[in-house]
Amino acid sequence: MARVELESIGKSFGDTAVLSGINLDVEDGEFLTLVGPSGCGKSTLIRIIAGLEPQTSGRIRIDGAPVDDLRPHERRVAMVFQSYALYPHLSVFANMALPLTMQRLSLWERLPLLRLLSARRRRVMPGIAQEVRSVAAQLQIEPLLLRRPAQLSGGQRQRVALGRAMVRHPGVFLMDEPLSNLDAKLRVHMRSELTELHQRLKSTFVYVTHDQVEAMTMSDRVAMMDAGRILQLGTPAELYARPANVTVAQFIGSPAINLLPARIEDGGIAVLADGSPILRTLLPPGSTATIGLRPETLRLLPPGDPTRPAPFQARLRRVENLGAECMLHVDLPTLPGQGLVIRAASAGDLTPGTMVGVAYDPAAAHVFDASGNRVAAVATAAPAARLAQAEGRVS
Amino acid sequence: MRALRHAGSLILVHGVLLAGAAFMLLPFVWMIATSLKPPEEVFSATLQLLPNRFHGAENYGFALTQAPLVRFALNGAIVCLGILAVQLLVAIPCAYALAKLRFPGRDALFLLVLLSLAIPVQVPALPLYIALADLSLLNTYLAMMVPFLFSAFAVFLLRQFFKSYPDDILQAARLDGMRELEIVWRIVVPSAWPAIAAFSVFSVVAHWNDLYWPLIVITDSALATPPLGMMLFADAETGSNYGALMAAAAMLTAPLVVVFLFARRWFIAGVTMTGVK
Numbered sequence: 001m002a003r004v005e006l007e008s009i010g011k012s013f014g015d016t017a018v019l020s021g022i023n024l025d026v027e028d029g030e031f032l033t034l035v036g037p038s039g040c041g042k043s044t045l046i047r048i049i050a051g052l053e054p055q056t057s058g059r060i061r062i063d064g065a066p067v068d069d070l071r072p073h074e075r076r077v078a079m080v081f082q083s084y085a086l087y088p089h090l091s092v093f094a095n096m097a098l099p100l101t102m103q104r105l106s107l108w109e110r111l112p113l114l115r116l117l118s119a120r121r122r123r124v125m126p127g128i129a130q131e132v133r134s135v136a137a138q139l140q141i142e143p144l145l146l147r148r149p150a151q152l153s154g155g156q157r158q159r160v161a162l163g164r165a166m167v168r169h170p171g172v173f174l175m176d177e178p179l180s181n182l183d184a185k186l187r188v189h190m191r192s193e194l195t196e197l198h199q200r201l202k203s204t205f206v207y208v209t210h211d212q213v214e215a216m217t218m219s220d221r222v223a224m225m226d227a228g229r230i231l232q233l234g235t236p237a238e239l240y241a242r243p244a245n246v247t248v249a250q251f252i253g254s255p256a257i258n259l260l261p262a263r264i265e266d267g268g269i270a271v272l273a274d275g276s277p278i279l280r281t282l283l284p285p286g287s288t289a290t291i292g293l294r295p296e297t298l299r300l301l302p303p304g305d306p307t308r309p310a311p312f313q314a315r316l317r318r319v320e321n322l323g324a325e326c327m328l329h330v331d332l333p334t335l336p337g338q339g340l341v342i343r344a345a346s347a348g349d350l351t352p353g354t355m356v357g358v359a360y361d362p363a364a365a366h367v368f369d370a371s372g373n374r375v376a377a378v379a380t381a382a383p384a385a386r387l388a389q390a391e392g393r394v395s
Numbered sequence: 001m002r003a004l005r006h007a008g009s010l011i012l013v014h015g016v017l018l019a020g021a022a023f024m025l026l027p028f029v030w031m032i033a034t035s036l037k038p039p040e041e042v043f044s045a046t047l048q049l050l051p052n053r054f055h056g057a058e059n060y061g062f063a064l065t066q067a068p069l070v071r072f073a074l075n076g077a078i079v080c081l082g083i084l085a086v087q088l089l090v091a092i093p094c095a096y097a098l099a100k101l102r103f104p105g106r107d108a109l110f111l112l113v114l115l116s117l118a119i120p121v122q123v124p125a126l127p128l129y130i131a132l133a134d135l136s137l138l139n140t141y142l143a144m145m146v147p148f149l150f151s152a153f154a155v156f157l158l159r160q161f162f163k164s165y166p167d168d169i170l171q172a173a174r175l176d177g178m179r180e181l182e183i184v185w186r187i188v189v190p191s192a193w194p195a196i197a198a199f200s201v202f203s204v205v206a207h208w209n210d211l212y213w214p215l216i217v218i219t220d221s222a223l224a225t226p227p228l229g230m231m232l233f234a235d236a237e238t239g240s241n242y243g244a245l246m247a248a249a250a251m252l253t254a255p256l257v258v259v260f261l262f263a264r265r266w267f268i269a270g271v272t273m274t275g276v277k
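Read top to bottom, the protein sequences are chains R and Y.
Residue numbers for the first sequence, in UniProt numbering: 1 to 395.
Residue numbers for the second sequence, in UniProt numbering: 1 to 277.
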């Protein structure tokens with residue numbers, strides 16, 4: 001078990017800055033996920049923690065002790081790679097035993113032929129074999145111990161890679177997209193298995209992924225990264241409910257949040273391009289904003305009732321039926337090019353092309369200012385008649 | 001119609017390949033044929049593959065008894081394996097460093113390797129000869145090996161192969177506590193057998209067949225490698241007994257052919273994988 005502290009880590013390749021000013025404390029026993037689009041620097045960061053890449057600036061401490069000058073294996077970290085990185089010419093057993101033989105045997109006790117002369121090796125090896133078997137039993141890969149990696153399926157290789165990390169009893173597990181090469185079904189299964197493993201081992205996990213579902217389902221905390229910086233650090237629920245900026249809001253959540261560009265008019269009212277007011281903000285008049293509406297906060301209105309027009313008049317484009325729920329993709333005719341996704345229990349008997357009314361919940365809306373940062377929305381006193389109607393529909 | 005055209009192009013391609021193969025095989029066939037002929041038929045004016053009078057037993061017997069063929073072959077083996085062992089020992093770590101490690105001046109060093117590929121052995125022959133003479137090393141096995149111990153071609157070929165080795169595995173090995181040299185020999189080399197086999201065939205064939213350098217540094221026939229031995233044999237023992245000479249040549253070529261047949265699969269895999277053709 002170990003704490004990992006990163007202090008203003010920076011990394012550049014030549015003139016290109018890949019990481020800048022990364023401060024991050026990973027608590028002892030925590031499952032922390034680094035999530036972000038490809039090229040955001042998350043893999044570089046985890047390799048810096050492992051000691052495989054030197055940082056350009058900043059310091060790393062593991063359990064309070066600086067590790068900047070330590071070589072990778074001296075840092076008490078283990079890593080699981082996306083490609084699994086198993087030694088192709090060694091059996092599963094030898095793959096898993098290798099970290100232990102490296103730790104416990106001297107160089108000449110590892111040399112071919114010469115090692116046969118070592119009495120100490122003969123004493124140490126049974127212990128190593130026993131530990132490998134016990135880890136293999138935990139991962140249910142005992143029957144595979146004599147096979148080569150090429151003879152294993154992706155899921156089995158994944159387990160062997162995990163086993164090779166586990167035999168060392170590292171303080172920190174570093175995982176670089178370990179599930180990306182698995183098929184969808186196995187990925188879901190391994191997700192829960194990794195979570196259980198974390199609970200059982202009580203070790204610190206630093207997990208890198210570009211898949212926000214993995215980040216949301218497995219982590220204690222998530223650090224969302226983009227362009228070499230941490231945009232937001234918090235629990236999955238915090239990132240979803242209170243995204244710090246547009247990029248986080250867009251990345252976290254599936255289907256993605258609906259984003260509507262708006263301009264701010266008198267009284268802080270956000271107005272869409274077609275002139276319809278949508279909600280009240282604390283932004284100064286004349287500025288621009290982006291309004292974020294999660295698909296589940298949108299609601300289809302029953303047709304008819306021309307006296308109470310719906311906030312959005314939309315044309316149904318496509319229905320994605322997921323069984324338990326469905327995603328309705330609609331276009332807004334008054335806002336060309338702008339679509340919305342609505343999460344609903346069912347689409348009823350609606351067919352594409354039908355006009356539908358859509359209501360939203362202003363209290364659940366996210367408001368981002370011109371530079372993309374989150375600002376408070378004010379969902380109180382309705383300033384305009386149409387806005388009042390919109391809110392009235394939902395409450 | 002299309003199938004016919006396809007068949008036509010297949011016949012054409014195979015025809016060209018067969019013609020090329022026949023052209024390359026002809027000297028060997030002629031060597032075997034001559035080794036079976038009596039002296040009077042060797043220079044007969046008519047072109048004839050098979051002998052009228054089978055003289056093979058006499059030719060091979062003469063070559064085996066009159067020339068120290070085993071000695072020549074043993075010398076060839078010592079020189080070839082000695083060269084190959086040192087070449088691999090030096091070239092594998094060099095190639096790994098040039099392929100996978102980042103250090104200042106790496107690209108310049110690799111450029112030097114490429115440039116040295118362009119220098120024929122004849123260029124440094126004189127200084128090498130003088131140095132060996134000054135060190136009293138002429139007429140030794142070492143003298144035959146020295147110019148070839150450090151092979152730029154091996155560095156180049158293996159570097160191309162190592163370049164494609166997955167970095168993740170090297171990083172996993174570093175995390176497991178391996179030093180670079182241990183990574184090279186225990187992790188990378190076991191996966192590099194095709195490339196090593198390919199280079200070994202190149203190296204052994206080249207030095208088994210080399211006449212130029214042994215001719216310069218060796219005068220003692222007890223140290224002669226096969227081609228030099230053949231030359232001494234031709235001068236001293238046989239005169240113009242070409243049948244016996246060809247019998248000796250056939251026997252000295254045979255080991256190479258056997259080695260190649262065994263290593264053929266690796267050889268082809270190694271050459272195609274490194275992109276060297």
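Since the hints were made in silico from the structure, they are not lab data.
It is possible that part of the hints are untrue.
[What the hints assert, rightly or not] Straight line, CA to CA, 20 Å or less: simulated EDC-like cross-link-like pairs of lysine to aspartate or glutamate: (1) Y:163 / R:5; (2) R:202 / R:5; (3) Y:163 / Y:182; (4) R:202 / R:25; (5) Y:100 / R:53; (6) Y:163 / Y:180.
We went through each hint and held it up to the structure:
Only pairs whose Cα atoms come within 20 Å are accepted, and residue 163 (chain Y) paired with residue 5 (chain R) is rejected, the gap being roughly 35 Å. Pair hint residue 202 (chain R) plus residue 5 (chain R) holds up; C-alpha atoms about 18 Å apart against a cutoff of 20 Å. A distance of roughly 18 Å separates the Cα atoms of residue 163 (chain Y) and residue 182 (chain Y); the hinted pair therefore holds under the 20 Å criterion. As the CA atoms of residue 202 (chain R) and residue 25 (chain R) are separated by approximately 17 Å, the hinted pair is consistent with the 20 Å bound.
Among the hinted pairs, residue 100 (chain Y) with residue 53 (chain R) is consistent with the structure: their alpha-carbon atoms are about 14 Å apart, no more than 20 Å. For the hint linking residue 163 (chain Y) to residue 180 (chain Y), the alpha-carbon distance of about 15 Å falls within 20 Å, and the restraint holds.
Taken one by one, the earlier hints fail for this structure only at number 1.
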